[in-house]
Amino acid sequence: MQHGIKRKQWTKELLRHKREEDKKKIETYRALVEQMLQFRDNNNYSVEAMRLTTKVLDINPEFNTAWNYRRDIITNIGNLIDEKFWQDELKFTMIQLKRFPKVYWIWNHRVWILNNIPINQLKMWQGELIVVNALLEMDARNFHGWHYRRVVISNIEKLTKNSLNKQEFEYVTSKINKNISNYSAWHQRVQLITNMLSNDQIADKYDFMNKEIEYITNAIFTDAEDQSVWFYIIWMIKFPIVKELLGQDGYSKFLKELRENAEMINMDELEFSGKDNFWCLKIILEIDMIQNSFDNLTDRSVFKGYLEKLIKLDPLRQNRYKYLLSKLS
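Residues 1 to 329 in full-length UniProt numbering are what the sequence shown lists, from first letter to last.
Keep in mind that the hints were calculated from the coordinates and are not lab data.
Among the hints, a few may not be true.
[Unchecked claim] So the derived label-pair ranges between C-beta atoms look like this:
1. P118 x I241: 23 to 31 Å
2. M267 x F143: 31 to 39 Å
3. S198 x M267: 34 to 42 Å
4. E13 x S174: 48 to 56 Å
5. E13 x F143: 27 to 35 Å
6. D139 x L328: 21 to 29 Å
7. Q35 x K178: 19 to 27 Å
8. S326 x T217: 31 to 39 Å
[Unchecked claim] Derived BS3-like pairs: lysine-lysine, alpha-carbon spacing no greater than 25 Å straight-line:
9. K91 x K123
10. K25 x K84
11. K256 x K243
Keep in mind that this is a model prediction, so the values were computed, not measured.
We put the CB at the ideal spot given by N, CA and C, even for glycine.
From just these sequences and the hints, can you work out the full model?
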């Protein structure tokens with residue numbers, strides 16, 4: 001039993017039958033692809049060719065050649081198609097997205113439709129924002145969904161000549177509040193803050209940054225094991241404008257308190273599980289490297305101890321830690 005579903009018992013007969021069925025499906029698919037490629041090579045842009053791409057993509061939506069050919073067909077029969085055709089094409093991509101939400105070529109084709117559909121562009125993109133809201137409700141961490149949202153927002157902003165950064169920041173915050181592990185939402189937060197600061201869209205930048213520090217502090221105490229928060233914090237402590245807005249004293253205070261919090265969380269982890277928190281050690285290392293040069297480290301033995309622990313806890317980056325250790329010698 002797994003998740004309440006009884007696993008199917010595969011007898012020799014069932015396995016033989018399945019292999020036969022799979023063989024038939026593969027043969028059918030190969031025949032469809034061969035016919036489609038012949039049509040394409042013969043510059044066949046008929047309705048029949050369009051139906052053929054539908055059959056191929058229903059089986060394999062990752063076949064980008066089929067999507068490219070489909071767009072060529074639509075472009076060539078453009079004078080024969082009406083609004084219903086475009087709406088049906090949007091429905092077709094939505095069906096595929098529900099089955100395969102992480103296939104880039106489906107998202108790409110949908111953007112192409114919206115850029116070429118001869119209907120009120122603003123209305124279409126605003127409608128698409130409702131669609132992407134629903135998709136992210138289904139899977140809030142879908143990277144492709146978040147990327148697509150940026151495309152949708154960008155087109156709405158272009159057509160209205162109004163920035164949606166503040167509304168998007170509120171949206172992203174709500175998604176993180178629902179699920180702190182939403183890496184895509186944290187990544188989007190980075191983009192939005194950068195854009196809002198660059199475009200002077202934050203009235204009191206100092207107050208905003210202090211609220212952001214409070215927000216991430218709450219986040220690490222909520223779930224100290226979640227890497228999404230720590231990735232965001234590493235960006236924040238290295239982002240030059242943070243230091244600029246807080247001033248030298250404010251920035252030093254921020255790093256000092258963050259380091260103390262990381263040490264506190266790590267001590268709790270040690271007491272509870274007997275293991276160091278990898279991310280706490282990593283952030284302490286990053287802060288020490290920002291605050292001190294190797295020649296001015298106040299306690300080289302402590303720093304050395306962190307590096308030795310990270311070599312074991314983070315083997316993928318062990319060469320970096322070993323290099324830093326060698327500089328301490």
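Evaluation of the provided hints:
1. P118 x I241: 23 to 31 Å: violated (43 Å)
2. M267 x F143: 31 to 39 Å: holds (35 Å)
3. S198 x M267: 34 to 42 Å: At 39 Å between Cβs, range holds.
4. E13 x S174: 48 to 56 Å: Given range 48 to 56 Å: holds, Cβ gap about 53 Å.
5. E13 x F143: 27 to 35 Å: violated (42 Å)
6. D139 x L328: 21 to 29 Å: The hinted range 21 to 29 Å is violated for D139 and L328, with Cβ atoms some 45 Å apart.
7. Q35 x K178: 19 to 27 Å: Between Q35 and K178, where Cβ atoms are some 47 Å apart, the hint is violated.
8. S326 x T217: 31 to 39 Å: holds (34 Å)
9. K91 x K123: holds (17 Å)
10. K25 x K84: violated (31 Å)
11. K256 x K243: holds (13 Å)
In summary, the numbered hints that this structure violates are 1, 5, 6, 7 and 10.
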